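Here is how the chains run, residue by residue.
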Amino acid sequence: MPIRTLTILLLLGASAAPLAADARDDAKKQVQFGIAVAQRGLWREAIYRWERAVQIDPKYAEALNDLAIAYEHEGDLEKARVAYEKALELEPNNALIKQNYELFKEINDRTTRKDSQDNQNP
Amino acid sequence: MTGRLARIARTTRILSSVAAILLIAGCTNYYEIPIETPIKPKLDVSAFQRVLVAGFIAGGTDDVDGNLETTRLLRSQLRTKSDLRVIDTDVLPLMEVANEDKGAPQEAKAESAKTDGKTDGATDGKEGKEGKGESKAETRGEAPQPSSPEKAPVIKDAKDLEPYEHVFADVEYWKKIGEEYQNPLIVTGTVMFTPHQRSGIVQREEEVYDSFGRRRVVPVRTYMERKGYILQPKFVFIDGRTGTVMHSENFREEVLYNANQSTPALSSYFELMDRLIPSFLSTLSSQKIKGTRVLLE
Numbered sequence: 073m074p075i076r077t078l079t080i081l082l083l084l085g086a087s088a089a090p091l092a093a094d095a096r097d098d099a100k101k102q103v104q105f106g107i108a109v110a111q112r113g114l115w116r117e118a119i120y121r122w123e124r125a126v127q128i129d130p131k132y133a134e135a136l137n138d139l140a141i142a143y144e145h146e147g148d149l150e151k152a153r154v155a156y157e158k159a160l161e162l163e164p165n166n167a168l169i170k171q172n173y174e175l176f177k178e179i180n181d182r183t184t185r186k187d188s189q190d191n192q193n194p
Numbered sequence: 007m008t009g010r011l012a013r014i015a016r017t018t019r020i021l022s023s024v025a026a027i028l029l030i031a032g033c034t035n036y037y038e039i040p041i042e043t044p045i046k047p048k049l050d051v052s053a054f055q056r057v058l059v060a061g062f063i064a065g066g067t068d069d070v071d072g073n074l075e076t077t078r079l080l081r082s083q084l085r086t087k088s089d090l091r092v093i094d095t096d097v098l099p100l101m102e103v104a105n106e107d108k109g110a111p112q113e114a115k116a117e118s119a120k121t122d123g124k125t126d127g128a129t130d131g132k133e134g135k136e137g138k139g140e141s142k143a144e145t146r147g148e149a150p151q152p153s154s155p156e157k158a159p160v161i162k163d164a165k166d167l168e169p170y171e172h173v174f175a176d177v178e179y180w181k182k183i184g185e186e187y188q189n190p191l192i193v194t195g196t197v198m199f200t201p202h203q204r205s206g207i208v209q210r211e212e213e214v215y216d217s218f219g220r221r222r223v224v225p226v227r228t229y230m231e232r233k234g235y236i237l238q239p240k241f242v243f244i245d246g247r248t249g250t251v252m253h254s255e256n257f258r259e260e261v262l263y264n265a266n267q268s269t270p271a272l273s274s275y276f277e278l279m280d281r282l283i284p285s286f287l288s289t290l291s292s293q294k295i296k297g298t299r300v301l302l303e
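Each protein sequence line maps, in turn, to chains A and B. Numbering of the first sequence is given in the working numbering, commencing with residue 73 and proceeding in unit increments. Numbering of the second sequence is given in the working numbering, commencing with residue 7 and proceeding in unit increments.
Hint data in this document are derived by calculation from the structure and do not stem from the laboratory. As the structure is a prediction and not an experimental result, all values here were calculated from the model. Don't take every hint at face value.
[As the list claims (entries may be wrong)] List time: in silico DSS-like cross-link candidates among lysine-lysine, alpha-carbon distance up to 30 Å:
#1 177/A / 46/B
#2 181/B / 46/B
#3 170/A / 296/B
#4 294/B / 87/B
#5 131/A / 158/A
#6 87/B / 177/A
#7 294/B / 170/A
#8 177/A / 296/B
#9 158/A / 48/B
#10 87/B / 151/A
#11 48/B / 181/B
#12 48/B / 177/A
#13 296/B / 158/A
#14 177/A / 158/A
#15 100/A / 131/A
#16 46/B / 296/B
#17 296/B / 87/B
#18 48/B / 151/A
#19 131/A / 177/A
#20 170/A / 48/B
#21 165/B / 233/B
#22 233/B / 151/A
#23 46/B / 151/A
#24 101/A / 296/B
#25 294/B / 158/A
#26 48/B / 182/B
#27 296/B / 100/A
#28 296/B / 151/A
#29 177/A / 294/B
#30 181/B / 165/B
#31 158/A / 46/B
#32 48/B / 87/B
#33 170/A / 46/B
So that you can see chain B by itself, here it is in the shape it has in the complex:
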């Protein structure tokens, strides 16, 4: 008798739970709907038809040419994902320009800028800047510069970048570049790509089987040595009409791998840049973020 009562009570409980679930499901009508959230660009670039990714002051590992790779990558991204026309030209040797700025007195610099302007005009503004940088150093007969980017990277960490950063505030220089390329929006900045190592306790999941052969995944804390890279770019946006800085942004991304995993520096660089690109693009052009939401009745 008691067993029968217990069975009835259990059945009643199950039925009432099912009824409650059905009631809730019946009351709440919901509809999943895809949405696209537009994000407005941070910079008003409507005044520009063209964009010049001029080059970057790069430092860190020798394995990746931060200047060249960043310039190439940003140009290709802008070509496909913005309305601006991308100017294809040689990458500016900004470290040399910065060193010249430091070494040359202001008057000489202004004079040099004028001369360069003439030269550029004569070549229809399409001359490679690498060659120009070299010739300037030669004609001035200056002492060998501390930086020779092709030989030894003198920039090992973010602090080493500071002496070069004044180049972005060189209004005359950027105005001249702007005139040369018909007043585009100029994108430049710094890129630090440094190797990184970290060791410590890491939590990871491990499969274990109990005495009955059942599989379980348990968190295990182990000491691990990991290595990877840190990418710290600073993007500077310069108005090619005035030579002034319109906007700048700093980013920092890092990736760590198991120490016995060998990942090429270049692939890590692209992995980290992939994370930054949407933010970079959203400065210049509106982006749409796709997602799903639930409409309720």
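For reference, chain A alone in the conformation it holds in the complex:
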């Protein structure tokens, strides 16, 4: 009995690895297409592609990085922050994602700092 369970688990494990690889391949195609359209200025289409990539493979840090950039370009700073932070959670040592996030934070902090400086009724 334990041997049978072990065999089933091994088979499942063995089949899961190619599945994950397939998902990454599919997601990568979406990411590549997204990059191509973003380079032509079609950011909405790029967002759609990168969102699809993240749906297919939620652990794809590069897709989350690209999505964050697109949100930033569209002015959706809160969504950009969430995406950057997720990407860094997945790949905390990725220097390029870190660099993008630092640049984003500079802008984001500026806008939030301004808000805190303000007072509606002086």
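Given chain A, put chain B in place with the hints provided.
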């Protein structure tokens, strides 16, 4: 034999490092891309077609007329970088208005406001406010005001500004100004531009040459006397339709120069205002911040 082995080991190490770099570069496809991040304006000014930079209560150094310079600068910036039409008119003598408000009883003030309203109507709202302020003081026969901005700046620091700040909450006054200029968005506030001096230990970089003539840059800590200016503006945005304050913002910027460097006050003023202008503009109109990011595959 041992030397040969060492050489082989070294070559193997170099080759494996090169292979690792090539592998990383090959795996990571990245593309630099320019982006423009739009920043939404903080104030919804869609109800206004016109903006009146009315004037400022200014203090600090005598070398720069904070009221006039700030008004001019903001008008020119708004003219080119916002969709609002900028009203060109004389700068309001806000210190005089504030002093009148303090001195005059409420009833007299209301009466005076009414009279002024009529006068303004008769002149199609284009009359210079400087003259009006003077005539009001004359007709009332009030005691000489403590402030005469042209003669001696009574406002030396931020505390001195406080007695004048009530003018921004004078709904009746601003409503009247609003009616006069067809209900614009009114920009006013205070500007403190003060000289500043600081001495202490400063870290700077110095070139040194060693005995072989090689150049090195080393950090050196030295005692330095520096002087400069502090700019502290407060921008108040008033709804010309209601006379109420919609929004206000405080800023503070400072610049320090080497004590033996002589920098004109006006150039320091513009240097500091340059740093604030983007923040000021982003209150009224959406701004785009250009940058570069790296897309990853």
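### Query
Hint by hint, which ones does the structure fall short of?
Going through the list in order, the structure violates hint 22 alone and respects the others.
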